[in-house]
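Protein chains: 2
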Amino acid sequence: MIRLTFITLSIFLISLNSFSQELDKNLFELSKKIVRTALVDRKGYQWLEELCKIGPRLPGSENSFKAIQWAKQKMIESGFDSVWLQPVMAPHWVRGNLEEAKIVKSKRFKSRKLLITALGGSVGTDKNGITGEIIPVYNFDDLKSKPDKVKGKIVFYNRPLDYGEVEPFAGYGGAVNQRTSGAIEAAKYGAIGVIVRSITTKHDNVPHTGVMSYVDTLPKIPAVAIGYQDANFLTEALSKEPDLQVNIKLSCKKLPDVLSYNVIGEIRGSEYPDEIIVVGGHFDSWDKGCGAHDDGAGCVQSMEVLDLFKRLNIQPKRTIRCVLFIDEEQTQTGAKEYAKFAQESNQKHLAAIEADRGAFTPRGFYADTDSSTLYYLQSFLPYLNLAKIDWIRKGGSGVDVSKIKNTKALFGYVPDSQRYMDVHHSDNDVFEAVHPREFELCSAAMAIMCLLLSEKGL
Amino acid sequence: MIRLTFITLSIFLISLNSFSQELDKNLFELSKKIVRTALVDRKGYQWLEELCKIGPRLPGSENSFKAIQWAKQKMIESGFDSVWLQPVMAPHWVRGNLEEAKIVKSKRFKSRKLLITALGGSVGTDKNGITGEIIPVYNFDDLKSKPDKVKGKIVFYNRPLDYGEVEPFAGYGGAVNQRTSGAIEAAKYGAIGVIVRSITTKHDNVPHTGVMSYVDTLPKIPAVAIGYQDANFLTEALSKEPDLQVNIKLSCKKLPDVLSYNVIGEIRGSEYPDEIIVVGGHFDSWDKGCGAHDDGAGCVQSMEVLDLFKRLNIQPKRTIRCVLFIDEEQTQTGAKEYAKFAQESNQKHLAAIEADRGAFTPRGFYADTDSSTLYYLQSFLPYLNLAKIDWIRKGGSGVDVSKIKNTKALFGYVPDSQRYMDVHHSDNDVFEAVHPREFELCSAAMAIMCLLLSEKGL
Numbered sequence: 282m283i284r285l286t287f288i289t290l291s292i293f294l295i296s297l298n299s300f301s302q303e304l305d306k307n308l309f310e311l312s313k314k315i316v317r318t319a320l321v322d323r324k325g326y327q328w329l330e331e332l333c334k335i336g337p338r339l340p341g342s343e344n345s346f347k348a349i350q351w352a353k354q355k356m357i358e359s360g361f362d363s364v365w366l367q368p369v370m371a372p373h374w375v376r377g378n379l380e381e382a383k384i385v386k387s388k389r390f391k392s393r394k395l396l397i398t399a400l401g402g403s404v405g406t407d408k409n410g411i412t413g414e415i416i417p418v419y420n421f422d423d424l425k426s427k428p429d430k431v432k433g434k435i436v437f438y439n440r441p442l443d444y445g446e447v448e449p450f451a452g453y454g455g456a457v458n459q460r461t462s463g464a465i466e467a468a469k470y471g472a473i474g475v476i477v478r479s480i481t482t483k484h485d486n487v488p489h490t491g492v493m494s495y496v497d498t499l500p501k502i503p504a505v506a507i508g509y510q511d512a513n514f515l516t517e518a519l520s521k522e523p524d525l526q527v528n529i530k531l532s533c534k535k536l537p538d539v540l541s542y543n544v545i546g547e548i549r550g551s552e553y554p555d556e557i558i559v560v561g562g563h564f565d566s567w568d569k570g571c572g573a574h575d576d577g578a579g580c581v582q583s584m585e586v587l588d589l590f591k592r593l594n595i596q597p598k599r600t601i602r603c604v605l606f607i608d609e610e611q612t613q614t615g616a617k618e619y620a621k622f623a624q625e626s627n628q629k630h631l632a633a634i635e636a637d638r639g640a641f642t643p644r645g646f647y648a649d650t651d652s653s654t655l656y657y658l659q660s661f662l663p664y665l666n667l668a669k670i671d672w673i674r675k676g677g678s679g680v681d682v683s684k685i686k687n688t689k690a691l692f693g694y695v696p697d698s699q700r701y702m703d704v705h706h707s708d709n710d711v712f713e714a715v716h717p718r719e720f721e722l723c724s725a726a727m728a729i730m731c732l733l734l735s736e737k738g739l
Numbered sequence: 282m283i284r285l286t287f288i289t290l291s292i293f294l295i296s297l298n299s300f301s302q303e304l305d306k307n308l309f310e311l312s313k314k315i316v317r318t319a320l321v322d323r324k325g326y327q328w329l330e331e332l333c334k335i336g337p338r339l340p341g342s343e344n345s346f347k348a349i350q351w352a353k354q355k356m357i358e359s360g361f362d363s364v365w366l367q368p369v370m371a372p373h374w375v376r377g378n379l380e381e382a383k384i385v386k387s388k389r390f391k392s393r394k395l396l397i398t399a400l401g402g403s404v405g406t407d408k409n410g411i412t413g414e415i416i417p418v419y420n421f422d423d424l425k426s427k428p429d430k431v432k433g434k435i436v437f438y439n440r441p442l443d444y445g446e447v448e449p450f451a452g453y454g455g456a457v458n459q460r461t462s463g464a465i466e467a468a469k470y471g472a473i474g475v476i477v478r479s480i481t482t483k484h485d486n487v488p489h490t491g492v493m494s495y496v497d498t499l500p501k502i503p504a505v506a507i508g509y510q511d512a513n514f515l516t517e518a519l520s521k522e523p524d525l526q527v528n529i530k531l532s533c534k535k536l537p538d539v540l541s542y543n544v545i546g547e548i549r550g551s552e553y554p555d556e557i558i559v560v561g562g563h564f565d566s567w568d569k570g571c572g573a574h575d576d577g578a579g580c581v582q583s584m585e586v587l588d589l590f591k592r593l594n595i596q597p598k599r600t601i602r603c604v605l606f607i608d609e610e611q612t613q614t615g616a617k618e619y620a621k622f623a624q625e626s627n628q629k630h631l632a633a634i635e636a637d638r639g640a641f642t643p644r645g646f647y648a649d650t651d652s653s654t655l656y657y658l659q660s661f662l663p664y665l666n667l668a669k670i671d672w673i674r675k676g677g678s679g680v681d682v683s684k685i686k687n688t689k690a691l692f693g694y695v696p697d698s699q700r701y702m703d704v705h706h707s708d709n710d711v712f713e714a715v716h717p718r719e720f721e722l723c724s725a726a727m728a729i730m731c732l733l734l735s736e737k738g739l
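Those protein sequence lines, which keep their order, are chains A and B. Numbering-wise, the numbering used here puts 689 at position 408 of the first sequence, and it's gapless, one number per residue. Numbering-wise, the numbering used here puts 335 at position 54 of the second sequence, and it's gapless, one number per residue.
Because the hints were derived from the structure by calculation, they are not lab data. Do not take every clue at face value.
Note that the list lumps identical chains together, so a pair holds whenever it fits in one copy or between two copies.
[Unchecked claim] The list that follows gives simulated cross-link-like pairs (lysine-lysine, DSBU-like), each with its CA atoms no further than 35 angstroms apart: (1) Lys394 x Lys334; (2) Lys737 x Lys675; (3) Lys521 x Lys324; (4) Lys425 x Lys314; (5) Lys430 x Lys408; (6) Lys394 x Lys324.
Turn these sequences into a full structure, and let the hints guide you.
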């Protein structure tokens, strides 16, 4: 027998006291209207379709600049009180047209292609590519146990996301270091390249990209991902022919940083205009699919939060500000720039909400705050449940808003997570993978949270 | 300002007392294993694929009998202690091959086809079909306000599911009477047929069927559904040409009742074998898609609950019984037959869980029970949350298990609902619309509930 720990308890504990508070009928009715309006109009969903038609939004790309202008224009058309672009220097990595891998030396598998995608930030190859034997490893410990077998070879990190984790983000967390640091670790032992099993919950052949890094003290070797099916094929092929060789050609490269922008729009508070509630997502994406769930959805939903206030003629007491952060996927320059601005301004950032977990049915909010504020926030649940929010728990907010200092609370908006890793950073992340009702309930949930924060304070 | 009502309160109120109970470490670890095993093995999901390959399961159809044998065989292979078929006389409605509708008299739209499906139980037409003008109505009040305009015409019930309802089941409930009773109401005023706008959340052209009824005192007129897009087209066409005519041909008919079966399997309890916990769904489906979500999923998940006990070598204290009810969609003869058996047996039915809301990520359980039992059940939440169950609330169980008398608690298992009405009773309800992780978490959630009921009692 074990006693519930405080943390386990706090997951389920919604105190009696929260509910001795009276419901504000006006806010309750407004919350209902928000949900109904979002679901019936599907306006944000139409916006997302428009955004996805522009294409993916790799920082520095033409699409990215078009999208920035598109968002600015939508905010102006919606009648936000202020709309501006905040300059940010952002990294500029380009994929180019060449991404090829095939088996070149093998009795059984010669010329068999592997469907690959360069990891974000990878160096390219020369026109002949790299060619080498494949050394499969499960993790860094496995790699370290074979120091003499790696030199001149391509390391194949073959550890899948742990499907047994109920939370795909936990499964992702358990596998992602082979993608982020795999090239560094492999280079220590003289590897010439890296192939990473995609971190995915889907049994297809779509490779998933994502950021990876180098250190200046080691050779920078090319790094690519392969999908679930090709990873299984390669595993099987290597069991039959451990000395088969693979050739990889990549044209990707890093260009000098470029001037880009955070897109910011706000509705000014009628009573406390200098108390700011931020709602936002990241406006960059990988150049796979169209970044529909990651994070076109979170951005458009943040825009729709303010648009719902305008549509319903709600004049908030406090300022609601939508921030679309550039460059979350790589170096978070957008978040740092905004946080600096927030720190230096005379305004008080009361709270900030980040939406960067896909556009699925709402489940809850993680709140990075003190216990008494959390306790108070849970009195919002009867309103938030109108949009299918069942809980507010202690937890991390998000990469972008977490850089803002001195707020009372930072929130991570939490939709259902089971399908997210099917699409994340891959060609599966398209508009068609977003469900209109699930999408709109996210907008509604965050709009209600902003309404309550704005009207009740914190 | 309004005070929270007791009902609103009870939605959020998880009492402190529930959590002063100690967690049973053994049950907690078993619950974790159940989740992990379901997610990793995906065995139920593979079963669902097999079942879907058999085809849809309209009672009396060859597919239905094949599916019954398939389920029985799977239960035997899984090593359930007893497996049997319970005879049930079930209705036998057949669609036949002919389902056509087109505009026959019109300047602009002549020969334009409408994609239709007969409603379940509808009479057919002769080979020339029925031909008449269309009288669009919003609801029965609208129909009653036009008593003189209906005679000899086809009534077009044009009320959509209310998208503004956060709960699609509520939207469904608000629109379904035009399908179930539309033919009766229209026949009162001399209509010759009925077209119903499909009750759907999806903006496609797929018609959704479902049960409809007649009374012997009125003419039995044919009734069909059309999809979202054709309903919009017809609305627009009628606004331009109110006197256009439509011809509908149907070959569907009702045959004499047939002998069919509930499929039942159980693992006998080691300490209280005569205390029964039922978990089940309905094994009939409409003949659209393959009845994957409705309710192949609920049935296969119920089978998997017991299979997870076998896989993990869990010997329950109480008997866990899987019941696949035939004929839920039409007359619930399977549920009535099982309830009669339960009533007449010497066994005590402690609890019964129905899974008939699709295979989406778990959210909660509705419990039809007394307040003190509900209060006690909420102490299960720390275990159930391992499979993403966030709440247990007072609520209805399901059409089938609600017929079982004298249980301590009847449960309706509640997954996320936002996508259900996209597929319900339509060609969209196919295996490919079921997500493996979402599916398996349903199995896990119900297995944990059965484990707790079995080990802790009620």
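* Is the C-alpha distance from Lys521 to Lys324 at most 35 angstroms within one copy, between copies, in both cases, or in neither? -> between (54 angstroms within a copy, 28 angstroms between copies)
* Asked: Is the C-alpha distance from Lys425 to Lys314 at most 35 angstroms within one copy, between copies, in both cases, or in neither?
  -> between (58 angstroms within a copy, 31 angstroms between copies)
* Intra- versus inter-subunit Cα pairing at 35 angstroms for Lys430 with Lys408 -> Result: close within a single copy only, 26 angstroms intra versus 77 angstroms inter.
* Asked: How do Lys737 and Lys675 come out at 35 angstroms by Cα distance, when the copy is not named: within, between, both, or neither?
  -> both (20 angstroms within a copy, 30 angstroms between copies)
* Taking 35 angstroms as the upper bound on the Cα-Cα distance, should Lys394 and Lys334 be classified as within, between, both, or neither? -> both (30 angstroms within a copy, 32 angstroms between copies)
* Asked: Under a CA distance limit of 35 angstroms, which applies to Lys394 and Lys324: within one copy, between copies, both, or neither?
  -> between (43 angstroms within a copy, 31 angstroms between copies)
The structure shown violates none of the earlier numbered hints.
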